[in-house]
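**Student:** Protein sequence lines, in the order shown, are assigned to chains A and B.
In this text, residue positions in the first sequence follow the working numbering: the first is 1, and each later residue adds one.
In this text, residue positions in the second sequence follow the working numbering: the first is 1, and each later residue adds one.
The set of hints was computed from the structure by calculation and includes no laboratory data.
Since this is a predicted model, take the numbers as computed values, not measurements.
Among the hints, a few may not be true.
Covered stretches of chain A (in silico footprint by chain B; criterion: 3 or more residues with CB under 8 Å from a CB of chain B, positions within the stretch not fixed) [what the hints assert, rightly or not]: (1) 88-100; (2) 243-253; (3) 284-290.
Virtual Cβ for every residue (Gly too), placed ideally from N, Cα, C.
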Amino acid sequence: MTATAQREDHNGGGSRARVQRPDRPRLLPSSGIKRRFLLALAGPGILVFAFFFFIPITFVVRDALTDGLDAFRRVFQNPIFWSSLYGSAMLTLFSSVFSLLVGFAVALHLSRLGPRLRSALLFMIALPLTFSGLIIAFGFILTYGRAGFITQLLAFAGLDPVMFSRLLYSPIGLGFAASYYLIPRVVMLLLPVLLNFEGLQLTAAESLGATRRQALLDILIPQILPTAVTALCLVAAVVFGAYGTALALVGTRLNILPLQLYSMISETGTDFPAAAALALVLTAICSSIIAVGEIFAARGET
Amino acid sequence: MAWVTAVYLVYLFVPMALLLVGSFGEIWFGTLLPSNFTTRWYLEVINDPSFRRAFRVSLEVAVSTCIICVVIGLPLAYAIYRAASRGIRAAARVVYLLPIAVPPLVLAFGFILVFSTDMLPFLGSVWLLIGGHVILTLPYLLQNLVADMRHLRLMELEVAAESLGGSLRSRLLDIVLPSVRHSLASGTIVVAALSIGEFQLSNLVAGFLSRTYPIVLLQAFYGATGFACAATVILLVLALAASMTGTVSARATYSARSLPT
Chain A
1 MTATAQREDH NGGGSRARVQ RPDRPRLLPS SGIKRRFLLA LAGPGILVFA
51 FFFFIPITFV VRDALTDGLD AFRRVFQNPI FWSSLYGSAM LTLFSSVFSL
101 LVGFAVALHL SRLGPRLRSA LLFMIALPLT FSGLIIAFGF ILTYGRAGFI
151 TQLLAFAGLD PVMFSRLLYS PIGLGFAASY YLIPRVVMLL LPVLLNFEGL
201 QLTAAESLGA TRRQALLDIL IPQILPTAVT ALCLVAAVVF GAYGTALALV
251 GTRLNILPLQ LYSMISETGT DFPAAAALAL VLTAICSSII AVGEIFAARG
301 ET
Chain B
1 MAWVTAVYLV YLFVPMALLL VGSFGEIWFG TLLPSNFTTR WYLEVINDPS
51 FRRAFRVSLE VAVSTCIICV VIGLPLAYAI YRAASRGIRA AARVVYLLPI
101 AVPPLVLAFG FILVFSTDML PFLGSVWLLI GGHVILTLPY LLQNLVADMR
151 HLRLMELEVA AESLGGSLRS RLLDIVLPSV RHSLASGTIV VAALSIGEFQ
201 LSNLVAGFLS RTYPIVLLQA FYGATGFACA ATVILLVLAL AASMTGTVSA
251 RATYSARSLP T
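Isolated chain A, as found in the complex (with noise of 0.2 Å):
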């Protein structure tokens, strides 16, 4: 709040605000605008986000709490909650670091081409970000279902096809689907940051006697790290918190923790605090994910 008093005062004072602070002179004469202006603009999408946002999830917090720690207390207790802990870990760290590596392959392939080409990868690429969960859950199980087309293929050669599907319904197989709509997003991500990267670093390093694989791993990762990690933990938050393709793909049965949250609400006459505080737990771990990478994101800035 001392911010946006501070700007008050900067804006709405004028020529006082530029007394006050002689040591910081503005680039450019404030335009004119007041923080009332601003505030009356932004208001409705404040409203909006109050009304649709903060109150359902104020009422998640107090359903949570209606009898103390004790609703936390019953999801500990569940051993459901602890083998779709499992679960959701599982899928997550597979998924994530599938997208990454693929997806940080990809992105260094689209940097070194001609940006006409790299355009239209790049428009092909990005499908999934918009396609429901739907899509992609139908569209595996006929590649790499029961009777998929992959899985009569890989049947030719001798491969028993049983195994092979039931592969895509275990939280792997779960993460081999995600990584579908994950790995558009690191490729986004990771782009922009190796399209800046300058490509005769290496060649110097090379003919200083570097090896490829030496220029690489002392110069081009220790730069893009930042950014890789910010989209390793954005990618793991959307997969930990998603649970669309997983129940498309296997229904309930399937133990991750959103899945079990979304049979707990589903459910007629369900211990509704339990699932509250399974909510917040989701919430919490999906947000920490998310601040884990903000800190690297800050830190790459810098």
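Since the structure of chain A is provided, determine the placement of chain B on it from the hints.
**Tutor:** For chain B alone, kept in the frame of chain A given last:
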């Protein structure tokens, strides 16, 4: 890394291609590809009353979401851009990340708790669905717009106009609006695409008569393969159309890059 990109493109396109092939196949049972060409699955989807209703609801929700997002999002984005203090910038960053930091499932649960009370008994109404979609999509539009305003250095243009005697009203109408029209168009198309495909919140919040297309689509997965394929392809085509319009209306690389989350 060329081979990774090649394999990746196969991974990207095979599911889409199989959905398309499956939707035109008469019989697909235990064979590599379906046999006999038919359009009957599309006709069945189009003539299915619950699919027709869901399609209408989805369009209604998407159009309303777009209108509300533009009406409240454009002024909000401008306010965020102009109040360029550290605090506001950090707050805006939090808003951009909200749809990921707070999963749609949790928001849907909040909706159930709030709007099934006696005071606000609105669960199942279409406008509640629209409100939810606005919350889930507005951050993407805001991020798109604010990034574009920074990129265009809108403030410098405005200062120039002001020094020449331009009023606030004329600055907003003659400089701000025309300058951001590309990012506004591409951002709105992203909003429409996300709204049409949204499943996670709608699935819990929609009433029986306000079910959106993706919710009805999930039921089709348990039926005939061809029917499910055709119903999915309709959604796929809508998403593809949105991506193409978005790319045409805005500069291709720029719009793609400003959607990092």
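**Student:** Give a verdict on every hint.
**Tutor:** Going through the hints against the structure:
no., hint, in the structure
1, 88-100, "violated (count 0)"
2, 243-253, "holds (count 4)"
3, 284-290, "holds (count 3)"
Comparing the model with each numbered hint stated earlier shows that hint 1 is the single one that does not hold.
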